[in-house]
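Using the sequences provided together with the hints, build the complete structure.
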Amino acid sequence: MTDELETIVRLSLLIGGVATAGTLPVAFALAWLLARGRFPGKLLLDGLVHLPLVVPPVVTGWLLLIAFAPAGPLGMLLERWFGVSILFRWTGAAVAAAMMALPLMVRAIRLSIEGVDQRLEQAARTLGAGPWRTFATITLPLALPGVLAAAMLGFARSLGEFGATITFVSNVPGETQTLPLAIYAALQRPGGEATVWKLAGISIAISLIALIASELLGRRQGRRLHVL
Amino acid sequence: MGGGRGGASMSFEVDVTARRGDAVVGATFQAGEGSTVLFGPSGAGKTSLLMMIAGLLRPDTGRVRVSGQVLFDAARRINVRPEDRRAGVVFQEPRLFPHLSVRRNLLYGAASAEGLEEIATRLDIAHLLDRWPRTLSGGEARRVAIGRALLRDPDFLLLDEPLASLDRARREEAMLMIERVRDETRLPMLIVTHDPEEAERLGRQIIRM
Chain U
1 MTDELETIVR
11 LSLLIGGVAT
21 AGTLPVAFAL
31 AWLLARGRFP
41 GKLLLDGLVH
51 LPLVVPPVVT
61 GWLLLIAFAP
71 AGPLGMLLER
81 WFGVSILFRW
91 TGAAVAAAMM
101 ALPLMVRAIR
111 LSIEGVDQRL
121 EQAARTLGAG
131 PWRTFATITL
141 PLALPGVLAA
151 AMLGFARSLG
161 EFGATITFVS
171 NVPGETQTLP
181 LAIYAALQRP
191 GGEATVWKLA
201 GISIAISLIA
211 LIASELLGRR
221 QGRRLHVL
Chain W
1 MGGGRGGASM
11 SFEVDVTARR
21 GDAVVGATFQ
31 AGEGSTVLFG
41 PSGAGKTSLL
51 MMIAGLLRPD
61 TGRVRVSGQV
71 LFDAARRINV
81 RPEDRRAGVV
91 FQEPRLFPHL
101 SVRRNLLYGA
111 ASAEGLEEIA
121 TRLDIAHLLD
131 RWPRTLSGGE
141 ARRVAIGRAL
151 LRDPDFLLLD
161 EPLASLDRAR
171 REEAMLMIER
181 VRDETRLPML
191 IVTHDPEEAE
201 RLGRQIIRM
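Residue numbers (the UniProt record's numbering), protein chains in the order written: chain U, 1 to 228; chain W, 1 to 209.
Just to be clear, a hint being listed does not mean it is correct.
Here are a few chain U residues that face chain W, going by a calculated C-beta distance under 7 Å [to be verified]: (1) Arg119; (2) Leu120; (3) Gln122; (4) Ala123; (5) Thr126; (6) Leu127; (7) Gly128; (8) Ala129; (9) Gly130; (10) Pro141.
It should be emphasised that the hints constitute simulated quantities derived from the structure, not laboratory data. Just so you know, even glycine gets a beta-carbon here, dropped at the ideal spot from N, CA and C.
As structure tokens, then:
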């Protein structure tokens, strides 16, 4: 039982961590485009990025299933190039969690980039800093608390991911069974209440820690990234 | 570069226009050595003009030359990037980097820490080096901003309303400091102001906008 519990928690943290780390650069690039870019179709991109936030998670999971199925466009590429499939694997669960965390992370990072006073960047340019040095020494450090807050938020969201995950990679103990999925499974089992209590307690504790960390980081930046 | 008054070379040769919303701002002037004041009421586009010379705002037409160097020429498609213009810009607000100490602000554009002590002493900010920008008074922040621009080792200085929002006593102090910087560095200097007294006192030449 304890072993099982440990596996579930470890798997959840692994999937949440990988999903967050993998999404962070993508989310940052998208947030930068949306905050600073001027291009046709920006509204459309904004809408697409936010889609997982409003579409039922089951639909997102189903679309992932179609895309990554052996005959699906992405599944075929993965199979051909790397000889792997993420279907019913923990990697697939990480992809589902990443997909669901993306809009939240993009929103938070975008706010923090928009919060950087561009007049400071202008000052840096007149002091001889090119665009890259300006980005690395002014923009990024000033946006960093918001970016870290976004990562914590994404992590918390990944830990809670259920609908897209169970649709996409099913509920395989030891492989894709994260905390919410394990709770669901325990609820289906007669006499599983004790397990539910334990798992729920752990979920709440981890999520709360992540959220508070995110809030503290966001507050340090003086920006309103509040989710609580 | 010949021409100008008494054979002195021209420091600023500016002839630009730029569309800003519904209005077109721009100016045509030539300035000799020393300090030149851009004088006019608020909204005349003085700051925009300064930003065009600094390279932060792209003019639609015309050219900008400083000490004989072409920085912008619409016809020849020349637009030197702001980081390559070697301008010492002091903005209306100090624009100090909030996440860097005063020392690191001052050295941001400097090739080395060599001139730091001298300039810090000259501007009376030597005791502030380890402070954070948010703890500085308005006058202190402004002096740090001037020091930061000087330590960049600029070829010319652009000062946007350097005395605005300072009280009477501080204004006098700041005015003296600018005069000192002008006389000691001998850099071509363009100062934007809407205050006639300031214009009279700081400018060897006054351009009205």
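Here's how the hints hold up against the structure:
1. Arg119: OK, holds: U:Arg119 within 7 Å of chain W, min 6 Å.
2. Leu120: Holds: closest Cβ of chain W sits about 6 Å from U:Leu120, inside 7 Å.
3. Gln122: For U:Gln122, the interface hint holds, since the closest Cβ of chain W sits about 5 Å away, which is under 7 Å.
4. Ala123: holds, 4 Å
5. Thr126: Since the shortest Cβ distance to chain W is 4 Å, the answer is holds.
6. Leu127: holds, 3 Å
7. Gly128: holds, 5 Å
8. Ala129: holds, 6 Å
9. Gly130: holds, 5 Å
10. Pro141: holds, 5 Å
Hint compliance for this structure: no hint is broken.
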